[in-house]
Structures are given as C-alpha cells and as structure tokens.
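As given, the protein sequences belong to chains A and B, one line each in that order. Counting along the first sequence from 1, when you hit position 111 you're at 111 in this note's numbering, and nothing is skipped either side. Whatever position you read off the second sequence (first residue = 1), add 1000 for this note's numbering.
Accuracy of the hints is not assured; some may be wrong.
As the list claims (entries may be wrong) - With a straight-line Cα cutoff of 25 Å, these simulated SDA-like cross-link-like pairs (lysine to any residue) come out:
(1) LYS69/A / ASP136/A
(2) LYS1069/B / PRO7/A
(3) LYS1069/B / VAL108/A
(4) LYS1069/B / PRO107/A
These aren't lab readings, by the way, just hints derived from the structure by calculation. Source: prediction; values computed, not measured.
Number of protein chains: 2
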Amino acid sequence: MSDEIRPGEEQLPFDPADRIEAGLSFVGTIRSPWSKGGCPRNISRARETGKGARIELCPGYGRALLGLKVGQPVIAVYWMHRSRRDLAVQAPGHADGPRGTFALRSPVRPNPLAMSTVMITSLDAEAGVIGIDAIDVFDGTPLIDLKPWLSTVDLPPGWTPDT
Amino acid sequence: MSDEIRPGEEQLPFDPADRIEAGLSFVGTIRSPWSKGGCPRNISRARETGKGARIELCPGYGRALLGLKVGQPVIAVYWMHRSRRDLAVQAPGHADGPRGTFALRSPVRPNPLAMSTVMITSLDAEAGVIGIDAIDVFDGTPLIDLKPWLSTVDLPPGWTPDT
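Pulled out of the complex, with its shape left as it was, chain A reads as follows (with noise of 0.2 Å):
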C-alpha cells in the first residue's frame, strides 16, 4: 500500500483504519479473471472483454440465496482491503482536477467499500456459486454483500435515461 501523496492531494487528519467502530465478516470471495496489471478500467471495460466472473459464498451461506433468479440484477458489495484509507482529496489521472473521496468512486476511502450492479448469469445455491456478467476487481477480492437491484431504492427520484 502506497503512502505517497500526488500533487493536489489532501490526507485526512487522521487515519480511519485507527478508528474501528464496527466489524465485517466476509461472506464469499470474487473469483475473476483479473490480477493486478490486467484488470479493466471499469465496469463497462470489463462487460466489453465479454469475460464472466464468480461469487462462491463462503459455507454456510447458500439457503441466503433463495428466491434470486438468473437474469436478475443484483448489487455485490465488497472490500478493496489492500487501499489506503486517509485521503480526502484525490488527484486521479482520469478527472480534470482534484476531487474530494466522496465525489469519487475510488477504492481509496475511509471505509474502501465498492459495489457494482451486475447480472445474475447462473445459480448454484447448494454450492453457493453464483456466476455474474462481468466485474472489474481483483481474483479473490472479498465480497461483503449481496443485494437485490431494486428501482424504488437505487435510482435517483425521476430518473429517466435522458437525464
């Protein structure tokens, strides 16, 4: 984990990771097909390769599953546990200036959660599998969530695709 500090960047006051309020449990590992140096920009990068990925829930979980669908929508949340957490401003290579953690969906966050909408492509509820269309996150990145897509609850008020 890098502690450098980019031009334009702004650390914390403190560090968050000394701050621990409360505890998560991983409940399964992402199994896909990137590692560090080959993964995709993005979500839609990844969808683009045309390559799938997978959650295997770790045991216990499978009975959690019931009632998903395959083609349904789900949000997978997960952990990126090798970023640092004390930034406030972040100076990323992509934006046009610096910008504060919570105006960015960096992994670089006090608490360096990520989450990503994607589709159920197969179910596997006694094994605890469940294939997904894409991801862009590491081989063996821990998954803390899983959660049903729900329109009422994840678009914005009067959404609508020319917005």
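Since the structure of chain A is already known, use the hints to place chain B on it.
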C-alpha cells in the same frame, strides 16, 4: 435485538458477528425525522412525507465533499447497528413467503449495511453537512460511505424504464 425465529426462517450455522475480518470507521451521522415506531417503510414512503434529512460528517471529512453538487444523486451507505446478523432465510411480512437474506433488502444480514440513492439538496463543506431529499432510517444512524451515483456502474446493463 430480538433472537426470535419466525416460521419459515432459518439461522446461519454461525453468527457472522463472531467472525470479524475487517473494520469500519463511521464517517458521519444521518439526522432524520424518524425514531422507533415512526419510520417510513421504505424510501418512496419517506419521499411522500416531503420531509428531508441531513448528513452530518465527522470532523475532518468536509474536504472529501469537493466536487459534489446540489441536485446530484449520491449513494448513502449506512450501518444498521441494531440489526441481528445470523439469519439465512427470513419471512418478512410484505413478502409472499420465506426469502433468502441476499434476495432481500432487510437490515438483517451478515453485514448490516444498507444503502439508498438520494438527491443532494444542500451542501456546506465547511461544516461537513449535506441536505438530502429523504431517507427511511432512524435519526442517529451511522454513515459509512457516500458515493456519486453513476449510471454506468449503478444501472443494470441494458436497463430501460420498461424492463
């Protein structure tokens, strides 16, 4: 926290709270008009009340808002700290039968994090306070992340209002 099991519900073979592998640091607090017994059932109902809410960031996080704008949709991620974590299958009143935890948005889950897509109605980076259009959580709920909503990441692929 109740440990009652309703008909059709199933417990995990362990309590995820006993298997903590990563730590969360609260970054703020949600200030809502809602307390136990009076919380809207979902965010659509909360919007119908016309009552907004407020996110108060912990000291030090104001700069992390740089680049966010009033009128922008953001995903608020919060921690349902009063929820039990050990159910694999649940029988909520609104559903037509038992459903797996990963097929529900219930706060009862291995990692009781929840999220809503909300609109920014005001922004005071100096004070670290963000007004939001509505939310369906109790006053005092701890915030763990704030992310810009992005159609490329947060919409199911190929989604249109008719699907």
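Here is what the structure says about each hint:
Proposed proximity of LYS69/A and ASP136/A is supported: the alpha carbons are some 22 Å apart, at most 25 Å. Between LYS1069/B and PRO7/A the alpha-carbon distance is near 23 Å, which keeps this suggested pair within the 25 Å criterion. Distance check on the hinted pair: LYS1069/B and VAL108/A sit about 21 Å apart at the alpha-carbon level, within 25 Å; holds. A threshold of 25 Å between alpha carbons decides the hint, and for LYS1069/B with PRO107/A the separation of about 21 Å falls inside it, so the pair holds.
Checked against the numbered hints given earlier, the structure satisfies every one of them.
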